[in-house]
Amino acid sequence: MSGLLPSPLLALRGIGKSFLGVRVLDGVDLQVRPGEVHAVVGENGAGKSTLMKVVAGVHQPDEGTVEFAGAPRTFRSPREARQAGIGIVYQELTLLPERTVAENVCLGREPLRRGLVDRRAMLSHTAELLASIGEGSIPPDTRVGRLGVAQQQVVEIVKALALDARLLIMDEPTAALADHEVDQLYALVRRLQEQGIGVLYVSHRLKEVFDLSTRITVLKDGRAVATLDTADTSADQLVRHMVGRELSSYYPGRAKPQELGPVRLTVRGAGNRKLRGIDLRLRAGEVLGVGGLQGSGRSALARALFGAAPFSTGEVTVDRAPVRLRSPRAAIRAGIAYVSEDRKGEGIVAEQSVLDNALLAVRAVRAVGPGRAGRGARTARVRELLAAVELRAAGEDQEVRFLSGGNQQKVVLARWLALAPRILLFDEPTRGIDVGAKSAIHDLVRRLARDGAAVLMVSSELPELLGMSDRIIVMRDGRIAGELPAGASEEDVVALAVGTAREAAG
Amino acid sequence: MSGALSLPARRTPPGVFVALVLTLAIGWIVVTVDGGRLFSVPTTVSLLHVAAGLGLVAVGQTLVVIGGSLDLSVAYVVSLSTLVAAETMAGDDGALLPAIGLTLAVSAAIGLVNGLLVTTARINPFIATVGVGLLLKGYLDNGYDGPAGKTAPALVQSLGYQRVGPVPLSFLLLLAVAAAAWFVLARTRFGHHLFAVGGDPEVARLSGVRGSRVLVTAHVLCALCAGLAGVYLASRLGAGAPRVGTEGLYDLESIAAVVLGGTALAGGRGGVVGTVGGVLLLASIDAIFNQLEVDVFFKQVIRGVIIIAAVAVYARRAMRKAS
Amino acid sequence: MTVLAVSALLVLAACSTDEPTTGASGSPSGSTGSGTGPGTGSGTGEQSKFFVQADYDQQLALLDAAPTGPADKPWEQALNPEMVETAKFKKPGPYKICFSNAGLNNPWRQVGFKTMRAEVDTHRGRISEFVHVDAEGKDQKQIADINDLLGKGCHALIVSPNTTATLTPAVEAACRKGLPVIVFDRGVDTTCPVTFINPIGGYGFGHVAAEFVTQKMKRGGKVLALRILPGVDVLETRWSAAKVAFDKAGVDVVGVEFTDGDPARTKKIVNDYIQRYGTIDGVWMDAGAVAGAAVEAFEDAGKPVPPINGEDQLDFLKLWKEKKLTAIAPTYPTYQWRTPIIAALKILDGERVPNPWKLPQPTITQDNLDEYVDPSMPPLHYAMCGCTDLPGYPKRWK
Amino acid sequence: MRIARPPQLLKVRSGGLTPIIVILAVLLVLLTARQPDFLSPPSLMSFLGRSAPVVLLAAGQYFVIVSGELDLSVGSLVTAQVVIAARLIDGDPSAGWPVVVLLLAFGIAVGLVNGLVTTLLRVPSFITTLGMFLILVGAVYLWSDGAPKGSLSEEFRRLGRSAFEDVPALGRIPYALVVLLAVAAAALVLTRSDFGRTLVAVGGNPRTAELSGVRVWRAKTMAFVLSGLAATLAAVLIGGYSGVSFQAGAGLEFGAITAAVLGGVALGGGRGSVVGAMLGALTLETLFTLMNFYGVSGALEPTVQGAIILLAVAAASFRVPSR
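Protein chains in written order, with my numbering: chain A, 23 to 528; chain B, 14 to 336; chain S, -13 to 384; chain X, 57 to 379.
If a hint is listed, it holds; no wrong ones were tucked in.
One-sided excerpt, in silico: chain X residues whose CB lies under 7 Å from chain S: (1) Ser99; (2) Lys205; (3) Ser207; (4) Tyr297; (5) Gly299; (6) Ser301.
Derived DSS-like pairs (lysine-lysine); straight-line CA-CA distance at most 27 Å: (7) S/Lys309 to X/Lys205; (8) S/Lys307 to X/Lys205; (9) S/Lys234 to S/Lys202; (10) S/Lys163 to S/Lys138; (11) S/Lys384 to X/Lys205; (12) S/Lys310 to X/Lys205; (13) S/Lys381 to X/Lys205; (14) S/Lys163 to B/Lys163; (15) S/Lys202 to S/Lys307; (16) X/Lys205 to S/Lys304; (17) S/Lys76 to S/Lys163.
Derived by calculation from the structure, the hints in this document are not laboratory data.
Glycine included, every Cβ here is placed at the ideal spot set by N, Cα and C.
Next comes chain A alone, as it looks inside the complex (with noise of 0.2 Å):
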């Protein structure tokens, strides 16, 4: 049937493009016909975000070809892609919460009569636009920044939509909603396909993907591996194109019964604004890997262990001995380390020199650790860590921005093992790194590990938690929703997230 639908509203030949010499893309080819629904699927770092983000014009391909619409394109701005009726949907928020809704949905587009703002058009066009999604609740005149996360990612959604799209891009947008959400977001979806607007939708959730789209195109360390038309295809099928490999062999062995060591880390009953009755023990050796969808709260539960967003209530023990971990500062004293998952704003300090970045902690808290030792010293043994994590720089003096995604974690991997923690902690520990990197990273977890570290690794790429977790727990609506033992399925994992293991096999 696919000879009968008319000619594509999108096509992307041969795309492809590199940062800092990381190749990001590599000759992508992808067709959106209208009032299709395309999702786009892959593991993090495959390059759909920034696949996305050459269609909406925020990048500019380094070879490749944009057609829109029929005719070539280069879009060499938003705005451009903008006019040309390209919306998108950040995964981050680009919203500003000293402005009202109507504000951040019309934000450059503004209704205009006469030469002027109209006011009115702009609040009953987004009071429709929220009802169309049955969000009518959010007023358009209060100000973002005092809506929930949800109802700006619906904000967001809006704002995308605002510009009479006739693409829309959706990069995760259910990302933090909630389930009843979802289903609007659904029926949403629907209805723009009807107006015979096209989608491109990006999401881990393979629910979500068979749910609502008519091919998907899997990307795979930035090339398109596979395009499939969602009827003919099946979970299975997908997985194997997503992931395509033996687990296994990608990933270093478990650990042994044997190699597992005392309880490090307790959590009972603990919990803040994001996450309730959070139990959970870890032990020295282990590998604890987190699961759930994003905004599940597992990146929220990381933080509550670092003490950067704490728990509110329940108690925490490093040990056998209770701390309180009220700051960041508290948690190292208290032998934690942590990886966010945004390197860029947590991580790195861009414009300092390699040394420096891997130094900061152990200056920080001279105190603890290994810090204690005299500056010769000190210097000395993180040079060796460097070398211990095979950082590929130019030099110890080399500023850390001009490193590639996967030797900067390395650098803040060095900076933690400075002080020698015992518990490590990681966010997406392999976010938008290239694949030859990854493994590294993952090599370097599971040695923290069997060094005796109690390690908690948070990722939202099933493979890379199947395949390094010895134990999984499951986060949904910041609670634990389950644990799965080491060899547990993409779809036993799925199944927990989403809380619905029938459909989630799909």
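Go by the hints and put chains B, S and X onto chain A.
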């Protein structure tokens, strides 16, 4: 909250007006006890005149600050404007309009330079506008030995001294300009985009806003306001005065008024209504201390404290909002 | 800059008085004065556009005129007075006298104002209230202040204008109110005030200093002229008179530099000139504020201090005395702050007063130096304050 | 091939000394062209000696700027310190050292207040230090009602005025120069110390610093304290060099900030070197002398200075790859 209110103005914290009322109330009591009269017509007129000059500059300053920038060259723009105006008029009413036109053109040009230095040349606004200020200072020092030119009598009588009841024409001008600025911020794309650029340039960009263009426009408008202030001062002084801007500390005081009005120095939050409040607050302090014949140095100290305290309060609120 | 402006405003007087420790326009650290490049005549450069031949001649004439009035009270004396009728202002006391002050932002004005208050105290019986408003060196504020004072039912208004042209409308407005207006220090472009009080003025000051330097210095020597700021009328008159004198005598003025009244900057400038020319044979200053610094610069460079002029500030006078300098100190006497009060009372009594009221402008020379050096007074006190007979002396001035 | 790094871009970016060295070199060439013996030991020594205070302030300002803040209060602090010293010493030779200690304490206190208000009360440092500026200037005038009282003793002034006489080869070495060298050395050590590097991280990415266990508020406050100390030392030298005056510190904050920016220290923090800042200050001083020797009209100097600053900074910002 109805839609009509959902605008920058609504976000202006009333704090400054509370402070204003309190100041006036307390001031009035103290002055009365001291045997003076705070709200006598001449005192009120003087207060409003002082407010008018500073206010015009501060309204313009508000725009650049909302955009996340800063203009420290305004004091010199003011001085220059008085001279351009007065010298072009040379006491001739006929030359009135051309003179005002020329003055505004000159200041707009300076604003353009500021804007381009900040956006195109990517120079930090602080350095850029201070640098431009130095250029102007050199020109003024070199070219003028003191007051020069003669303002058209018509302007002196009207803008300079005419008043409606206790309200000077100049203050009405300020209100008009402030209203216009409020309108621009609330009802034009430029206004909306300015808040976006000040709030988060990247978000603005992703939303298709042309950041540089917006910021340059803001700088031009700011300079225009300074130019207008110059015209007013020329009408008040009857001549051009090469130092009136720096003596009036218009650069410093305009920023003080802006932050007192609740506009965030970081940009993206605030509005002109608050600024007008800030201006009136500063002017009232002036008036009260005048009545009490308080030492100006003491006043200086008080001002320093008030400015810091005010911003600290706003910062607290912002934090509470955030949490 | 912002910041500069403030400090300048607070620190300095320039635009508000003849007394120039000033920099109201403020200028960044590291900025300096102007050498009028080599080759422009005797190096004095263009004549100031402020130079007015008539005023110049008149002031030089006044220098030799014999004052009328009590010899021991120069602040009550007048030079070739022309009296004006004031009968129409006659009122019974006690009086409310109001004073709109350009600023209090430099030592000269500080000393002057203390003197004025002391003068007021001597008339306690007759002056029931003395209202003082400080314009902080802001024209527009002073205009507002004057307008404000008009509503306070003053019997007489004293104005020390911040600038000449720009205050004129406000003063005229005051005159129209029908109360006697007395202007002193800097004048205004209107004849409506009952009297305008000030000493001989800038041309006299500049001339006396220049003549002295020219005579004492070795023939054909090099003179360095140090000025506070460009663009302050009174300072311009002082310099333009000096320029005339130097040009006439064909003196080689190697540099005319602006110090912003900053001693550090002054020392740097003098230091650079000594290095550039090996030796400087005479120093002319348009104000005494930084004379001390200039002298030090020579000492630090191990050079003899050449003939130099300062002003009647005590730090300079002390330095002069102990270092045995070849120096002179023309003055712009602070005792003129007494006169407006005296004038106001005369006017309210309907007595005739001189207009303009030209006060003598004594010069401190080697011969009368000792009369004025009082080691107990603070360094920035002005010896020519005529305040020794006033209540509260010396404590009040310390 | 995974590491992209345009070589000299990196040089200019980090360290960033190249531009300032070039500018300084050019100025020195022009200077010696006009005044061949300028670089001769005696004149050079005295030049360095008298430049010491501004260089000290630039060094102090570096720490504040690199931590992401700004200190506009140093100029007023210098004035305050000199006036305080004069009044406390009042010509009494023995009072010298105790007073210096007291001044240091005061400098630290002012730095602490600036730092704590900025970090704990979240008031932008621009406002904090501006307020502090007003307060200090006002307070010191108030305290000495308008004219500095007392005088500095020769003993106190020696540090800023005298020198080691007849040193072989060099002639006389001003004490100020020695102080400068000592402080410069200390500053250099400090920037390489844990604190120094951490401070850069704080300016570069406060979030990362916080999450790495750095007490950001503490680091920034320390920076302000250092700036206060630098200002105090500068005050002692300036007071010594030219005696007491309300002009002592006028505009120095501006000079210091400009110097730092000229020296490649980025406003906003995270980039630059203390050496660059100090070279920047030296450059400004050289410019000053240059204009003396070339007899640039004093009135035009601001223009020249402004132009040079704008050009230099623009040039630098163009060579830096944008974020």
